[in-house]
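K.L.:
From first to last, the protein sequence lines are chains R and B.
Residues in the first sequence are numbered from 1 upward in steps of one, following this note's numbering.
Residues in the second sequence are numbered from 1001 upward in steps of one, following this note's numbering.
Rather than coming from a laboratory, the hints here were simulated on the basis of the structure.
Model, not experiment: these values are computed from the prediction.
Beta carbons: idealized from backbone N, C-alpha and C, even for Gly.
Any given hint could be a false lead.
[Claimed, not checked] Here are the simulated DSS-like pairs of lysine-lysine, each with C-alpha atoms no more than 25 Å apart in a straight line:
hint: 1; chain 1: B; residue 1: K1345; chain 2: B; residue 2: K1359
hint: 2; chain 1: B; residue 1: K1314; chain 2: B; residue 2: K1294
hint: 3; chain 1: R; residue 1: K497; chain 2: B; residue 2: K1294
hint: 4; chain 1: B; residue 1: K1068; chain 2: R; residue 2: K503
hint: 5; chain 1: R; residue 1: K475; chain 2: R; residue 2: K392
hint: 6; chain 1: R; residue 1: K504; chain 2: B; residue 2: K1314
hint: 7; chain 1: R; residue 1: K491; chain 2: B; residue 2: K1296
hint: 8; chain 1: R; residue 1: K491; chain 2: B; residue 2: K1027
hint: 9; chain 1: B; residue 1: K1068; chain 2: R; residue 2: K482
hint: 10; chain 1: B; residue 1: K1037; chain 2: B; residue 2: K1098
hint: 11; chain 1: R; residue 1: K504; chain 2: B; residue 2: K1068
hint: 12; chain 1: B; residue 1: K1068; chain 2: R; residue 2: K475
hint: 13; chain 1: R; residue 1: K404; chain 2: R; residue 2: K460
hint: 14; chain 1: R; residue 1: K498; chain 2: B; residue 2: K1023
hint: 15; chain 1: B; residue 1: K1218; chain 2: R; residue 2: K482
hint: 16; chain 1: B; residue 1: K1336; chain 2: B; residue 2: K1296
[Stated by the list, open to error] Distance windows between CB atoms, simulated:
hint: 17; chain 1: B; residue 1: Q1110; chain 2: R; residue 2: I405; range: 56 to 66 Å
hint: 18; chain 1: R; residue 1: G474; chain 2: B; residue 2: N1270; range: 45 to 55 Å
hint: 19; chain 1: R; residue 1: K364; chain 2: B; residue 2: K1075; range: 56 to 66 Å
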Amino acid sequence: MKRNDTEFAEISPSEFFYRNRDLAGFSNPSRALYSAVRELFENSLDACEIYGKVPDILVRITPLDLDTSIPDPKAYMIKVQDNGPGVDPRYVPKAFGQVFFGSKFQLRQTRGMFGMGGTMAILYGQITTNKPVSITTSIDGVQAFTFDLLIDVQENAPIILRKASHPAEGSTGIMVKLTLEGDYSRAYGKILDYFKQSAMVTPYANITFINPYGHLSIYERVTKVMPVPPKETLLHPYGMDVEAVRRLIKRSNEDSMVRFMSKNFHRVGEKIARKFINYSGFDQDRDPKTLSNDEITKFVRALHRYEDFLQPDASCLSPIGEEILMTGIKKELQPEFIATTVRPPSAYSGFPFIVEVGLAYGSKILPRGLKLFRFANRIPLLYDEANDVASKVLNEEIDWRRYKIPEEAPLAIIVHVCSTKIPYKTVGKEYLADRPELERELKNATREVLRKLSLYLSRKVSIEMDKRRFNIYGKYLPLVAKFSTELSGEKRLPDYKKLLDTKKVQRGIEEYT
Amino acid sequence: MDSKRPREGIANIRRREVKKLFKGLGKKVYSDIEEGKFPEIIFPSRSVRNIVYDEGLKQYILGNTSVKRSTHNIKHIRPFTQLIWLAFFVNKLVEQSKTSTLRDVFYSAQAYDVEFVDQAESDEIITDLEAVLSRAREDFNVYPEERSAIFGDLTIEYTVPGYEGKRLNLASHPDGYLIGPSLSTADFVDTSAEMVLAVEKGGLFTRFVEEKVHKRYKALVIDTAGQPPRSTRYMLKRLNHELGLPVYVLTDGDVYGEHIAMVIISGSANAAHLRELTVPSGKWIGVWGSDIVKYKLPSNSLTDLDIKRVHELKRDPRYKGGVWQRELDVFLKIRKKSELEAFAKYGLTTITDKYLPEKLDVAKSL
């Protein structure tokens, strides 16, 4: 038998992404334009939030050729500018010009993972227009640096075409100008939805969007309250895989299994480590560096089987919170009634998550019937709604009849899941898998807000009834007074206002909102 | 016959009494409001369960159950207002000696921001006011539209405005006189009559006038025009009560005719709240079921509906015993019914010349 003579060549991560761009949301010019805007915008939001600065973000899409008669798809320049901390110019080429597998051993909730989406957008721009990306950054507000970069796909290395320094005009932050082939006429609906929905969960941000025709959409900041930024945490034992453990061992200096675990695993101290090592059958004093591949596999299997690890804590998560969620919904949907709920932290496979659900009822902006808004780590999810676990919950798990909501009334359910690892079903990051833990939390949260709405509706009815009652007394009591005066031969009307006062409506609808 | 005439006209006495009742009602409601209480009125319930038969009075009366209508109750305040408005409205009618039909009442309300959905609703409130005051609506000058007629030697004196003191003999016009508000409120001055003959049909009424029944039998003849309106029953009651005239009722020979007689004599369940519309001493003299056989009258077969009605009435306490129950049984047995006009087969005057005297004779034994 002839030896397989297929040539195996090493490919760079850049090349890998290039070949698999469909998976990352760059499958066609319309989707690519939308994804690129999203990735850059989200990087900016993340940067501001982690830095603790209320975001001011400008997004502008300009056609490269001003001749508007050129049909889509065509080259567009996306400019995204923020007021975040900026990126240290020393790291700019690597951060934007190289796709790298992050060796992150700590987790925290961010919109993107490892900034790969942004690099992907740059890569896509480069391969469709062969134009460099331009990055301007300032970390001190005094001096700014501008880089023009290309990515060497095969070498996975940045090519710096130009580097310049100039005054920063007092503001820190970053500005990215990216040219790519896009189809705005097909993408604009999603892009506008995206900004509108982003604004709903980031009412503390000023977002300005200028479309290719120069039209301006401004989403104004209505609060300066920002969610508490997430803390970085270690990986939880349930979330470990063989590769992760191998890397941890490689970089750790601990010479015993117990110390190794208590230093590198989330919510594992010496006591738990000792118990687990006993359970798994390894020697407590064994140097982890001496573990064979098979032993590492055995170790990971034991990690997943062991039932006495503590649940991950949620300090690495940053839920939007009821107050901000309410502010955002009020601002963007202007509903008659809002209810929100934040579920206690839960976990799946060692990854903590929190479900938040908001409800908006009765609005001139919303269409009639039910509308679902989905968010994951504060990213609006706009595609594949029907496959999302939230749709499944709303369609199959909720008994709508018991809430007695008028069918034709505008009703929005806003679902936010935050986690160190969102259980996306596909690489496209557009819909969430139906993990039982997640499904349960979504169901409970949705029921909570629906109960609040149901209560509001029934009280609204009774308040309207109170009012109607009062009007009835207000109409008839004076007549009774008048006719009895005439009948009895009295000269003046009796004081019926005392009686009327006792029927005054005491409850206001405000008490229930 | 002057001795039978009260010193003060009955109509006047009634009017004074009714006005007193209205004033009392007004004062009660007024002082309730002044004292910070939600006015309420308590009156006998007219629900079917509270309508009972009184053996002594031989009529349906209301039992002991009362209803409270309170302005405190959101469901009551509208009918309460309608009731107090009605009292106000009819009090003015009485003061001004004007009358109003049931329909007038319905429309009049609109001028005072008191609305009724339909006349059925205003009629209901009128009946409520009757129950509250224990007075028939005729006492507060509200009359139905339908009217029946009277003929015979009775001199009356009007009390209605413009006619006060004017007298009229009710034998002066052969078509008879409508028993309307002015006649109902008139005082009786003089009569030579010794009985009242109430007949169910206008045709027979005319025949009786032509055949001078009023003279031959010294009778006042009344056309009840089917089931008599309350003003006619009230008139019958007055003739019986004030002038002491016996009342005889002549109807078609069927179950419906028998019931017309019964309502004149014992009243209806609908008016169980009123005591002044019955003539307990009245007699039904025909046409009985047994007369159909005895006089060989042309007849029709009873329909299923007729038979059902017979069975209903057989269970009615008013029909217990006597001629009432006996004749119901006869109808059931012969399964026949005849109209008053059936006597015409034996000549137009047979009914007045032969049947009437015979039956009046029989009536003595009832």
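K.L.:
Next, verify each hint and record whether it holds.
P.N.:
Going through the hints against the structure:
1. B:K1345 / B:K1359: Within the cut-off at roughly 18 Å; holds.
2. B:K1314 / B:K1294: Measuring from Cα to Cα gives roughly 23 Å; hence the hint holds.
3. R:K497 / B:K1294: violated (73 Å)
4. B:K1068 / R:K503: Holds - the C-alpha atoms of K503 of chain R and K1068 of chain B are around 20 Å apart, at most 25 Å.
5. R:K475 / R:K392: Violated, at about 51 Å.
6. R:K504 / B:K1314: Not OK: K504 of chain R and K1314 of chain B at ~56 Å, beyond 25 Å, violated.
7. R:K491 / B:K1296: violated (71 Å)
8. R:K491 / B:K1027: Holds - the C-alpha atoms of K1027 of chain B and K491 of chain R are around 12 Å apart, at most 25 Å.
9. B:K1068 / R:K482: Roughly 21 Å separates the two Cα atoms, so the pair holds.
10. B:K1037 / B:K1098: violated (34 Å)
11. R:K504 / B:K1068: Holds, at roughly 24 Å.
12. B:K1068 / R:K475: holds (21 Å)
13. R:K404 / R:K460: Holds: K404 of chain R and K460 of chain R sit about 13 Å apart, inside 25 Å.
14. R:K498 / B:K1023: At roughly 24 Å apart (the allowed maximum being 25 Å), K1023 of chain B and K498 of chain R satisfy the hint.
15. B:K1218 / R:K482: violated (53 Å)
16. B:K1336 / B:K1296: Status holds; Cα separation ~11 Å.
17. B:Q1110 / R:I405: 56 to 66 Å: Since the Cβ atoms of Q1110 of chain B and I405 of chain R sit about 41 Å apart, the hinted range of 56 to 66 Å is violated.
18. R:G474 / B:N1270: 45 to 55 Å: violated (36 Å)
19. R:K364 / B:K1075: 56 to 66 Å: With Cβ atoms ~36 Å apart, the hint is violated.
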